[in-house]
Amino acid sequence: MLLSTAIVMFSLLLILGTIVVKGLPALSLDMITKAPESGYYLGGGGGILNAIVGSLLLAAGASVVSMIFGIPVALYLNIYLTRKSKLAEVIRVALDVMCGVPSIVYGAFGFAIMLYLGVRASLLGGIIAVSLLIMPVMIRAIDEVVRLVPHELIEASYSVGANRFETVFKVVVRQTLPGIISAVLLGFGRGIGDAASVLFTTGFTDRISFSLLEPVATLPLAIFFQLGTPLPEVQQRAYASAFILTVIILVLSLSARFLVSRYGRHMVK
Amino acid sequence: MNGRRLVDNIGGKLMLVLTVLSGVLLLLMAWGLVAKSSAILSLKPLDTLLFSGNWNPLRGEFGFFPFIAGTIWVVGVATVIAVPVSLLTAIYLSEYAGRKIKGIVNPFIDLLAGIPSVVYGVWGVLMIVPFVKNYIAPLYGTFSSGYCVLTAGIVLAVMIFPVIINVSVEVLNMVPREVREASLSLGATKWQTVKKVVLRRAMPGVIAANVLGIARAFGETMAVLMVAGNVAMIPKSLMDPAYPLPALIANNYGEMLSIPLYDSALFFAALLLFAVVFFFNLVSRAVLVRIEKGIR
Amino acid sequence: MKNRTHISVENLNVYYGDNQVLKNVTIAIPDKTITAIIGPSGCGKTTLLRCFNRLIDTVDGIKVTGKVLVDGDDIFDPQQDVTAIRKKMGLLSQRPFPLPMSIYENVAYGPRIHGTRKKNELDVIVEKYLKMANIWDEVKDRLHEPASSLSIGQQQRLCLARGLAVEPEIILADEPTSALDPVSSRNIEERFMELKNRYTIVMVTHILRQAKRLADYVVFVYLGELIEHGPSKEIFENPKEQITKEYIKGIIS
Ligand SMILES: Nc1ncnc2c1ncn2[C@@H]1O[C@H](COP(=O)(O)OP(=O)(O)OP(=O)(O)O)[C@@H](O)[C@H]1O
Ligand SMILES: [Mg+2]
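Protein chains in written order, with this note's numbering: chain A, 1 to 269; chain B, 1 to 296; chain C, 1 to 253.
A few of these clues could be false.
[Said to hold, decoys possible] Interface residues of chain C toward chain A, partial, derived using beta-carbon atoms under 8 Å: (1) 60; (2) 80; (3) 83; (4) 101; (5) 109; (6) 148.
[Stated by the list, open to error] Dumping the calculated DSSO-like pairs for lysine-lysine here, alpha-carbon to alpha-carbon at most 27 Å: (7) 128/C / 170/A; (8) 170/A / 119/C; (9) 212/C / 240/C; (10) 118/C / 170/A; (11) 32/C / 240/C; (12) 67/C / 32/C; (13) 13/B / 170/A; (14) 170/A / 131/C; (15) 170/A / 84/A; (16) 128/C / 140/C; (17) 249/C / 212/C; (18) 140/C / 119/C; (19) 195/B / 100/B; (20) 196/C / 131/C; (21) 128/C / 118/C; (22) 63/C / 84/A; (23) 86/A / 293/B; (24) 84/A / 195/B; (25) 32/C / 128/C; (26) 13/B / 102/B; (27) 102/B / 86/A; (28) 86/A / 63/C; (29) 84/A / 293/B; (30) 88/C / 119/C; (31) 249/C / 84/A; (32) 249/C / 233/C; (33) 293/B / 196/B; (34) 128/C / 88/C; (35) 140/C / 170/A; (36) 88/C / 170/A; (37) 13/B / 63/C; (38) 212/C / 245/C; (39) 23/C / 245/C; (40) 233/C / 32/C.
Everything labelled a hint here was simulated from the structure, so no lab data went into it.
Remember, it's a predicted structure, so these values are computed and weren't measured experimentally.
Backbone N, C-alpha and C fix where the C-beta goes; we use that ideal spot for every residue, glycine too.
Build out the structure end to end from the sequences listed, making use of the hints.
Printed below as a string of structure tokens:
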């Protein structure tokens with residue numbers, strides 16, 4: 001038992017260790033400050049700033065979209081619907097199932113939507129697919145914290161004459177702010193790291209692009225493409241990119257912890 | 001004052017609509033995938049699609065069997081590795097570990113869950129591929145490029161550790177304390193109690209947890225794509241390359257619009273994955289919901 | 001009792017699913033006095049209190065029949081605006097539950113919702129009601145700190161101020177001192193004595209001596225039935241019913 005726990009912990013260390021050992025030496029300032037120059041994939045100069053920017057835009061866009069749709073859903077499930085509500089139960093199961101649907105399927109589905117809407121591979125397409133991917137995760141994560149809000153707190157708000165809508169957005173949201181923030185960051189992390197869902201939907205470009213309707217590069221795909229080249233020096237860059245992505249993920253999970261403690265100060269109990 | 005009431009009313013309705021939509025999305029997804037794969041489904045009999053080994057899109061032959069077999073091999077290996085390790089870890093965490101140890105181990109598991117699959121893929125390429133090629137394959141007296149079923153299985157196993165562990169721990173924690181105490185007070189040892197009482201009691205939930213993990217393995221794409229070898233053949237051994245369904249979809253998106261029926265075929269592959277994962281998830285979630293209700 | 005009736009309850013029945021917890025309760029609660037609802041644990045005191053501001057609505061599987069009239073209006077009438085009813089009543093619960101915001105915002109929360117937006121008006125309101133709840137001196141220098149940083153006793157007084165700030169006519173209190181230390185309890189009791197000339201106060205209490213000290217009017221509930229109600233003196237010194245006698249002597253509890 002101890003052995004298996006050790007195996008689990010050791011695998012994480014192995015992964016992180018490998019990425020650091022192989023990625024760090026290959027890392028250079030150019031990697032994070034420049035877009036690919038011509039012949040980059042043949043060993044030419046430049047970096048992957050295009051992918052870093054693209055991934056951040058994509059994940060941010062998708063997080064905002066999921067937040068706008070997801071927060072009301074999580075609140076509705078708990079505050080408007082009762083504990084015994086059948087609707088809430090069905091929705092929760094549906095969301096759980098969606099959390100399990102593979103990202104490649106979201107990619108395919110997102111692609112189908114894009115064909116239907118006539119959107120070509122672009123940041124917008126990626127945002128659609130990634131939002132669909134992270135929304136269920138985000139909703140269920142927020143749902144779990146909203147569920148813990150003491151009923152008395154809600155009653156305290158009702159008792160001064162607040163209606164449900166006011167109670168939900170002024171009291172419940174504030175009480176669960178730390179949980180909401182970490183759920184959003186969780187979604188952001190998913191969004192930035194996922195490759196399969198953006199494969200069909202974002203396209204790829206060597207330029208740094210900010211337009212919704214243009215293709216964008218993403219970090220996971222940049223890693224994938226660089227690794228796919230036969231040249232060792234380009235593969236090195238894939239390791240460095242993987243290192244960058246891992247650092248972003250670690251920073252996200254650390255900042256989630258920090259923000260939770262910072263915004264938790266008003267929380268009751 | 002009326003304005004407030006209006007906002008409450010409209011806001012509530014709007015939230016209801018969003019809530020229902022979020023659930024309907026799942027149906028919409030199923031419907032979309034079915035619609036997209038209907039072209040190939042109407043032209044080819046289902047059993048040919050599923051069980052024929054002839055894969056030649058250019059000639060209009062779409063036999064998915066090599067990919068299905070590849071998926072099953074890879075997922076099978078991952079299951080064999082991940083289930084015992086995760087289960088024992090879960091038992092350790094819920095039954096034996098103190099607060100402090102949990103505080104150390106849990107972040108590891110969370111981080112493991114948060115690592116993107118491409119990074120798993122890179123790790124697989126850098127570490128597991130050479131390991132299998134240089135150490136494991138010679139051990140069996142065969143040659144392997146390292147990009148094979150075993151490698152993909154190992155990488156997948158590590159990826160699904162967190163899923164199985166987290167859900168299992170949750171399920172084990174739901175077993176009432178009294179049950180353990182009753183057994184201990186009869187003179188059973190801790191391990192006997194865990195094995196005969198706690199595990200038995202938690203069995204449906206633990207199985208559900210494993211099914212969830214396995215379902216995750218089915219759909220995992222990027223890492224598998226990077227290490228499985230991607231040769232469209234039916235693997236005969238652990239050292240053979242495999243070409244699982246998700247990798248097939250991911251690898252061919254470029255060509256899919258230029259070859260007739262190809263896009264529909266790939267959507268069919270997505271539909272297959274969706275169906276399997278949907279079914280696995282639905283069953284295990286139903287079990288978990290029932291368990292949770294029994295407790296309250 | 002010379003006071004007019006403020007809350008009147010007529011044939012009230014409450015069911016949790018199949019379990020009837022209030023049986024045909026009829027009472028008239030007088031204006032501008034302290035009414036104490038007493039009775040053993042689980043007899044339905046909280047349920048009765050929660051009918052007055054319709055918080056009972058939020059419970060799953062609840063069924064209510066009969067009437068509760070406040071100022072002559074049936075509050076269970078579907079035409080009624082629940083928020084308007086609740087605005088008329090402040091609530092103190094067993095354990096204080098400050099809202100997850102600063103001390104200042106806790107008090108300003110109600111008035112803001114009901115349309116007071118101006119900073120200077122809110123400042124005045126906040127100060128006035130914090131003073132009325134006798135907590136101003138303790139918090140005036142830390143108004144923008146989280147309310148949860150206060151002690152439990154202070155939190156309860158803050159909750160009182162929060163309730164008073166929406167200018168209710170009635171204060172409902174469910175064992176408001178049961179989570180508090182003796183000094184804080186005294187503080188709350190003193191507030192009630194000050195406030196009772198201006199507000200109708202209905203409190204649930206387990207502590208008979210507290211009921212004796214504070215109440216002008218007493219309602220005794222037993223197993224969901226209203227056994228006896230009347231002026232405090234009468235109930236405590238000369239109860240009509242045998243059960244009331246036994247409860248007051250401490251034979252049943
Ligand atoms: N939400 C609920 N669902 C089902 N039954 C309930 C619920 N709330 C209360 N009850 C039941 O209703 C009865 C009356 O409860 P109530 O809380 O009104 O009693 P009480 O007199 O306030 O008790 P206490 O003195 O312990 O506060 C109890 O038997 C209780 O079990
Ligand atoms: Mg009570």
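Checklist line | Unmet hints by their number, sorted upward, for this structure | finding: 2, 24, 26, 27 and 31
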